[in-house]
Amino acid sequence: MINSRFFNRSELIGFVSLLLLLVVILPLALDIFRLNLVAKYLTYSFVAIGLVLCWGYGGILSLGQGVFFGLGGYCMAMFLKLEASSVANTKIQSTPGIPDFMDWNQLTALPFFWKPFQSFPFALAAIILVPAIFAFIIGAAMFKRRVGGVYFAIITQAIAAIMTILIVGQQGYTGGINGITDLRTLHGWDIRTDHAKYILYFVEVFFLFAAIMVAQFIRLTKLGRILVAMREQEDRVRFSGYSVANFKIFAFCAAAVFAAVGGALFTLEVGFMSPSFVGIVPSIEMVIYTAVGGRLSIFGAVYGSLLVNFAKTSLSETFPQLWLFGLGALFIAVVLAFPNGLAGIWGDYVQPRIDRLLASRTKKSGNGGLVADGAPAE
Amino acid sequence: MMGMAAIPALAMLPRPSFGAGPATSAVNTTGLAVTDSEVTVGILHSVTGTMAISETGSVQAEKLAIEQINASGGVLGRKIKFIQEDGASDWPTFAEKAKKLLVNDKCAAVMGCWTSASRKAVLPVFEQYNGMLYYPTFYEGLEQSKNVIYTGQEATQQIIAGLDWVNKTKGAKTFYLLGSDYIWPRTSNKIARKHIEGHLQGAKVVGEEYFPLGHTQFNSVINKIKLTKPDVIYAIIVGGSNVAFYKQLKAAGIDMSKQTLLTISVTEDEIDGIGGENIAGAYACMKYFQSLDNANNKAFVADFKKMWGEKTVIGDVTQAAYLGPWLWKLTVEKAGSFDIDKVAAASPGIEFKGAPEGYVRIHENHHLWSKTRVGRAKADGQYELIYETADLVEPDPFPKGYQ
Chain A
1 MINSRFFNRS
11 ELIGFVSLLL
21 LLVVILPLAL
31 DIFRLNLVAK
41 YLTYSFVAIG
51 LVLCWGYGGI
61 LSLGQGVFFG
71 LGGYCMAMFL
81 KLEASSVANT
91 KIQSTPGIPD
101 FMDWNQLTAL
111 PFFWKPFQSF
121 PFALAAIILV
131 PAIFAFIIGA
141 AMFKRRVGGV
151 YFAIITQAIA
161 AIMTILIVGQ
171 QGYTGGINGI
181 TDLRTLHGWD
191 IRTDHAKYIL
201 YFVEVFFLFA
211 AIMVAQFIRL
221 TKLGRILVAM
231 REQEDRVRFS
241 GYSVANFKIF
251 AFCAAAVFAA
261 VGGALFTLEV
271 GFMSPSFVGI
281 VPSIEMVIYT
291 AVGGRLSIFG
301 AVYGSLLVNF
311 AKTSLSETFP
321 QLWLFGLGAL
331 FIAVVLAFPN
341 GLAGIWGDYV
351 QPRIDRLLAS
361 RTKKSGNGGL
371 VADGAPAE
Chain B
379 MMGMAAIPAL
389 AMLPRPSFGA
399 GPATSAVNTT
409 GLAVTDSEVT
419 VGILHSVTGT
429 MAISETGSVQ
439 AEKLAIEQIN
449 ASGGVLGRKI
459 KFIQEDGASD
469 WPTFAEKAKK
479 LLVNDKCAAV
489 MGCWTSASRK
499 AVLPVFEQYN
509 GMLYYPTFYE
519 GLEQSKNVIY
529 TGQEATQQII
539 AGLDWVNKTK
549 GAKTFYLLGS
559 DYIWPRTSNK
569 IARKHIEGHL
579 QGAKVVGEEY
589 FPLGHTQFNS
599 VINKIKLTKP
609 DVIYAIIVGG
619 SNVAFYKQLK
629 AAGIDMSKQT
639 LLTISVTEDE
649 IDGIGGENIA
659 GAYACMKYFQ
669 SLDNANNKAF
679 VADFKKMWGE
689 KTVIGDVTQA
699 AYLGPWLWKL
709 TVEKAGSFDI
719 DKVAAASPGI
729 EFKGAPEGYV
739 RIHENHHLWS
749 KTRVGRAKAD
759 GQYELIYETA
769 DLVEPDPFPK
779 GYQ
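Sequences listed follow chains A and B, in order. In terms of our numbering, the first sequence opens at residue 1 and continues consecutively. In terms of our numbering, the second sequence opens at residue 379 and continues consecutively.
What the simulated footprint calls covered on chain B by chain A, stretch by stretch (three residues with Cβ under 8 angstroms from a Cβ of chain A suffice, anywhere in the stretch; the number is not a length):
hint : stretch
1    : 490-498
2    : 501-508
3    : 555-563
Hint data in this document are derived by calculation from the structure and do not stem from the laboratory. Since this is a predicted model, take the numbers as computed values, not measurements. Glycine is no exception: its CB is placed at the ideal position from the N, C-alpha and C atoms.
Next up, chain A with everything else stripped away, as it sits in the complex (with noise of 0.2 angstroms):
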């Protein structure tokens, strides 16, 4: 049961038709192609909804949330490259028994860190450690030193590019610029077939609310009051007696684990992973989904994620040429015309319409049936 002073009304008509969306109407519309394609979309909106939290609450605006997204992919895409690599499935191989891709380059062993991702259990911490610990370096290096605002995000764009020269010069060790493909099994489940397609889809889709949930907690409590406090007057906070790095550094590592969360689904959806998530490109454009969502509003994240996709997807089917142009057109037109996002389309334009509405039929059956008529039968 869902508390009603967790979600407010138009919160829960937002929680309520995400839902219908992703769970019936999405499934039952699309045939499987397309839906792993909305699975793929999807895993963008957890590093979305973290950047809701930390740029939309925080004022931390990270241009590095790719370097996340990219660790769990890794982390998990490891463990797969690894159970795909069997002796009887390499034999070709000088060495077999190591992924192809460090046979090529001469390695003849295993290396040390690659070891520990032959267990599932030590994959799926790392898929959340990981990310949090590089998270907590940069973030006390930087907070602690009270490096913020454009001087942090211009660090964070610099992170992913050196994240990404060392996935492509290593590539011994992490499969250069190719990335790691080729995934096959989890635990010996074939992870590309079309069920085991539809099954991703909905564990997915449970931890994106497990994820909404989460973030709209933190949203609530006296924390993320403080995180507004901060974005709006970081000084006042300082002097009333918080320790605003603290702060900081938590919202920055909670963003990083959204998006590695969303990594590892990523890899497991799509079946590999490669550096072209990682770098300076991918990670502004994890800001645009955000920005077109409205930053302030997780579902908006949601939303944006989608609907950016969905329209880079269509719009490079229909025009292979002049797509981009297309795309580019679209994000001018949402950030001059509706500079709080499709989140901000909905408070401004369809909220006060519905309220309206419901209003209006309050009044004439006279008792407030809302709270019921609109409380999911969870």
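Let chain A serve as the given structure and place chain B on it in line with the hints.
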């Protein structure tokens, strides 16, 4: 869009009638997009992003081949219709679009990919959904799939003959290996090093260096080259970096008429960007040059320019891309079926006598037998043929002793 110019010319030809081939139920038992009068194939290259400059030539060549095949009666009496998708220089996008072409559009074959990374991204998709990919680029080898026909050269075909040639005719003993930092240059240089150290008498590698993709500062390595004075600079630098590299070589006073430079990565397409005067005198080793003097090639170059404009140049990969639709047509007609399994099984032994590079044949390992040639860059941006192997070179994607 420039292709419009070719349509009036085609209209002059007698229109072949489509739909006279064998029954669809007989030639398509697996539900591919084949009707009584049409068959659908996919074209999957980057037409946007950093790779667009390289891949556009391949798209043009594939469209030309499809148009020519249609003008001569199509495949098994069916007209080829193509669906083009943009890989956007982004490997995951390639995987997504490959899946779309196979699952949604049921393409009977796909001509596509350019970089190794994009091929690696789509390969599991082609194997899972049982599609047929015709891949045009010269590449590092170490791969063989039932679902791919490699119409470019694999590394040993491109490298060994060139090194033997430079060793024999120039007496080259010392080599400086350069490359962009990814799988193809690294594997190619590995093969080159093994050949130089193991098979060329008294020859050695005096340096080996890699640069990130898009790197533009080559001064420090040029200084090292000036100090070590290698007999041959062996360069596998790709894409935009080439422009900076050759300009800086020239600015540093390295005279290509005295210093031998052998590259396997600069085709006529790249010279377009580098500028002929900056690279004149360098040697390139690959299987095709636009200047090849044979009847097939003259007709091909003329048709290509008619369709895409006088100013276009044709590089090695563009020619290899042109082979794709033709090899597929010949294979389908030999198999008497569009079914992927039958096409894959019928591929070995397919000969294409009309290839602009001369005769080619598909090997059991799905690569092509082809000649290797050495050309010398001229200031007008073309290569002049210096040497070609007497026989076709056997493709060997898993070379023993070179791994």
